[in-house]
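> Listed below, chain by chain, are the residues.
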Amino acid sequence: GQQVMQIPQYQHVQEGEDFTTYCNSSTTLSNIQWYKQRPGGHPVFLIQLVKSGEVKKQKRLTFQFGEAKKNSSLHITATQTTDVGTYFCVQNTGNQFYFGTGTSLTVIP
Amino acid sequence: NAGVTQTPKFRVLKTGQSMTLLCAQDMNHEYMYWYRQDPGMGLRLIHYSVGEGTTAKGEVPDGYNVSRLKKQNFLLGLESAAPSQTSVYFCASSYTWRIWLDSPLHFGNGTRLTVT
Numbered sequence: 001g002q003q004v005m006q007i008p009q010y011q012h013v014q015e016g017e018d019f020t021t022y023c024n025s026s027t028t029l030s031n032i033q034w035y036k037q038r039p040g041g042h043p044v045f046l047i048q049l050v051k052s053g054e055v056k057k058q059k060r061l062t063f064q065f066g067e068a069k070k071n072s073s074l075h076i077t078a079t080q081t082t083d084v085g086t087y088f089c090v091q092n093t094g095n096q097f098y099f100g101t102g103t104s105l106t107v108i109p
Numbered sequence: 001n002a003g004v005t006q007t008p009k010f011r012v013l014k015t016g017q018s019m020t021l022l023c024a025q026d027m028n029h030e031y032m033y034w035y036r037q038d039p040g041m042g043l044r045l046i047h048y049s050v051g052e053g054t055t056a057k058g059e060v061p062d063g064y065n066v067s068r069l070k071k072q073n074f075l076l077g078l079e080s081a082a083p084s085q086t087s088v089y090f091c092a093s094s095y096t097w098r099i100w101l102d103s104p105l106h107f108g109n110g111t112r113l114t115v116t
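Going down the list, the protein sequences come from chains A and B. So for the first sequence, our numbering puts the first residue at 1; every next one is plus one. So for the second sequence, our numbering puts the first residue at 1; every next one is plus one.
Calculated directly from the structure, the hints in this document are not laboratory data. All of these numbers come straight from a predicted model, not from anything done at the bench. By construction, the Cβ of each residue, glycine as well, lies at the ideal position given by its N, Cα and C atoms. You may find that some hints are simply not true.
Just a sample of chain A residues kept apart from chain B, beta carbon distances all over 12 Å, derived [to be verified]:
hint: 1; residue: Asp18
hint: 2; residue: Gly41
hint: 3; residue: Val44
hint: 4; residue: Ile47
hint: 5; residue: Ala68
hint: 6; residue: Ala78
hint: 7; residue: Gln80
hint: 8; residue: Val84
hint: 9; residue: Val90
Derived lysine-lysine pairs resembling DSS-like cross-links, with alpha carbons at most 27 Å apart [as the list claims (entries may be wrong)]:
hint: 10; chain 1: A; residue 1: Lys59; chain 2: A; residue 2: Lys70
hint: 11; chain 1: B; residue 1: Lys57; chain 2: B; residue 2: Lys14
hint: 12; chain 1: A; residue 1: Lys57; chain 2: B; residue 2: Lys70
hint: 13; chain 1: A; residue 1: Lys70; chain 2: A; residue 2: Lys36
hint: 14; chain 1: A; residue 1: Lys36; chain 2: B; residue 2: Lys14
hint: 15; chain 1: B; residue 1: Lys57; chain 2: B; residue 2: Lys70
hint: 16; chain 1: B; residue 1: Lys57; chain 2: A; residue 2: Lys70
hint: 17; chain 1: A; residue 1: Lys69; chain 2: A; residue 2: Lys56
hint: 18; chain 1: B; residue 1: Lys71; chain 2: B; residue 2: Lys9
Partner residues are not named here, just some residues of chain B that face chain A (Cβ under 8 Å, in silico) [to be verified]:
hint: 19; residue: Gly3
hint: 20; residue: Tyr33
hint: 21; residue: Leu43
hint: 22; residue: Pro104
hint: 23; residue: Leu105
So here's chain B without its partners, still in its complex pose (with noise of 0.2 Å):
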C-alpha cells in the first residue's frame, strides 16, 4: 500500500496564479485533512472532509478551496497565490474520530509550495 500521496512535491508559482495540490489515500479513510506548516507554527488546520462529498473549514480556510468528490482524494486549490502562502503543506487522513480507538493521522510527505 503506497498510504498517502501528494503531488505534486515541490513548486513555485507567482502571485496570482493557480494550483491545485493533490492527495490520494488507498487505505479507505473517511477522514482527510490539509495542514500547512511554518517555521515556529506547528500544523495549522486549513480544511477538512468528513467524507465523500463533504468539506469544512478548518482554523486557516482563506485564500483556499478544496474538494472530496472521490473518498480517496482531496483535492487543495489556490485560486490567487499570495507570498504569505508559501509554505509545506500536508495531506493526511484518519480512519475515524472516536477516541476510544487508536486512529492517527496518517501523513503524506508534503508539497513545499514557494510563492514569489
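So here's chain A without its partners, still in its complex pose (with noise of 0.2 Å):
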C-alpha cells in the first residue's frame, strides 16, 4: 500500500517566493515519478526519477531523488501564479502507482 509521505499538505507563497515539496519513504523506491494536478483538473505527468542523488530541471523546476532512495523534492525558483495547484509525488511498485498525498500550492499575487 501507500508508503511516502509528502510534507507540507498545504503552502501559501508569495508570487516570486521559492517553494519546495518533500516525499519521503521509509523503504527503498525503485523509482519516484512527479505530478501536478491544477484545481478541477486531472494529475498531470511532469518527470521520472530512477538513479540514486538524480537531478532533474524543467525550466524553473528542480527535482531531485535522495543517495539512498528513500526520499525526493520538488523545487520551483520564483513561483508565477500558473504553478498553482497540488503535487504527487508517486511510487511505482512494478504494476502499481501509490500517490503521495499532495501538496497543495497557493501561489498570492
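Make the complex out of the two chains shown on their own, each in a separate frame, by following the hints.
This is how it looks when you write it as C-alpha cells:
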C-alpha cells in the first residue's frame, strides 16, 4: 500500500518566492514520479527519477532523488500564479502506482 | 487522439443504487487503473488491470468491481452505492510498468459521484 509521506500538506507563497515539497519513504524506492494537478483538473505527469542522487530540471522546477532512494523533492524557483495546484509524488511498485498525499500550492499575486 | 475518456462526468446516486463508470483509452496501453480522490487523501488505487481479461485489487477495492473485456475499456462498477463512495473517480492508463522507461500515467478528466 501507500508508503510515501509528503510534506507539507499546504503551502501559501507570495508570487516570486520559492517553494519546495518533500516525499519521504521508510523503504527504498525503485523510482519516483511527480505529477501536478490543477484545481478541477486531473494529474499530469511531470517527471520520473530512477537513479540514486539524480537531479533533473525543467525550467524553474528542480527534482531530486535522494542518495539512499528513500526521499525526493520538488523545488520551484520564483513561483508564478501558473504554478498553482497540487503536486504529487508517486511510487511505482511494478504494476501499481501509489500516490503521496500531495502538497497544495497557493500563489498569492 | 482522445487519450483517456471517462463517462459520465457527473452522477448522483441514492444509497443502494448501482452504476457503472466507463473508461476508454485509444493509446493501446496494456495497463489501466481506477483511482478515487478524496480531500486530503491524495489518490487511492481501487483496482487495476495489466491486460485484457485481467483485473487485480488495489488499496481500497471493497464495494467496487471491475472488468476489462476489451483492451481499450476498463469498467468500474458499484453494486450498492454508499455515501462513503462519494468521491471523484479517475481512470488512468500506462504503456508499461518498467521503471527504466518513462511510462507515465495518462488520466481521464474524472467522474464526480455523489451518493445521498
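> Against this structure, judge whether each hint is valid.
Results of checking the hints against the structure:
1. Asp18: holds, 24 Å
2. Gly41: Incorrect as stated: the minimum Cβ-Cβ distance to chain B is 8 Å, not above 12 Å.
3. Val44: The assertion about valine 44(A) is violated, with a minimum of 7 Å to chain B.
4. Ile47: Given that some Cβ of chain B is not farther than 12 Å from that of isoleucine 47(A), nearest at about 8 Å, it is violated.
5. Ala68: holds, 17 Å
6. Ala78: Given a closest Cβ separation of 26 Å, the condition holds.
7. Gln80: holds, 23 Å
8. Val84: holds, 17 Å
9. Val90: violated, 8 Å
10. Lys59(A) / Lys70(A): Between lysine 59(A) and lysine 70(A) the Cα gap is close to 25 Å, so the pair holds against 27 Å.
11. Lys57(B) / Lys14(B): Measuring from Cα to Cα gives roughly 25 Å; hence the hint holds.
12. Lys57(A) / Lys70(B): Violated, because 39 Å separates the two Cα atoms, which is more than 27 Å.
13. Lys70(A) / Lys36(A): Satisfied, since the Cα-Cα distance of roughly 21 Å is no more than 27 Å.
14. Lys36(A) / Lys14(B): violated, 33 Å
15. Lys57(B) / Lys70(B): holds, 18 Å
16. Lys57(B) / Lys70(A): Judged against 27 Å, a Cα distance of about 26 Å means the pair holds.
17. Lys69(A) / Lys56(A): This hinted pair holds, its Cα atoms lying about 15 Å apart.
18. Lys71(B) / Lys9(B): Answer holds: lysine 71(B) to lysine 9(B) is near 22 Å, not above 27 Å.
19. Gly3: violated, 10 Å
20. Tyr33: holds, 7 Å
21. Leu43: holds, 4 Å
22. Pro104: holds, 3 Å
23. Leu105: holds, 6 Å
Hints 2, 3, 4, 9, 12, 14, 19 from the earlier list are contradicted by this structure; the remaining hints agree with it.
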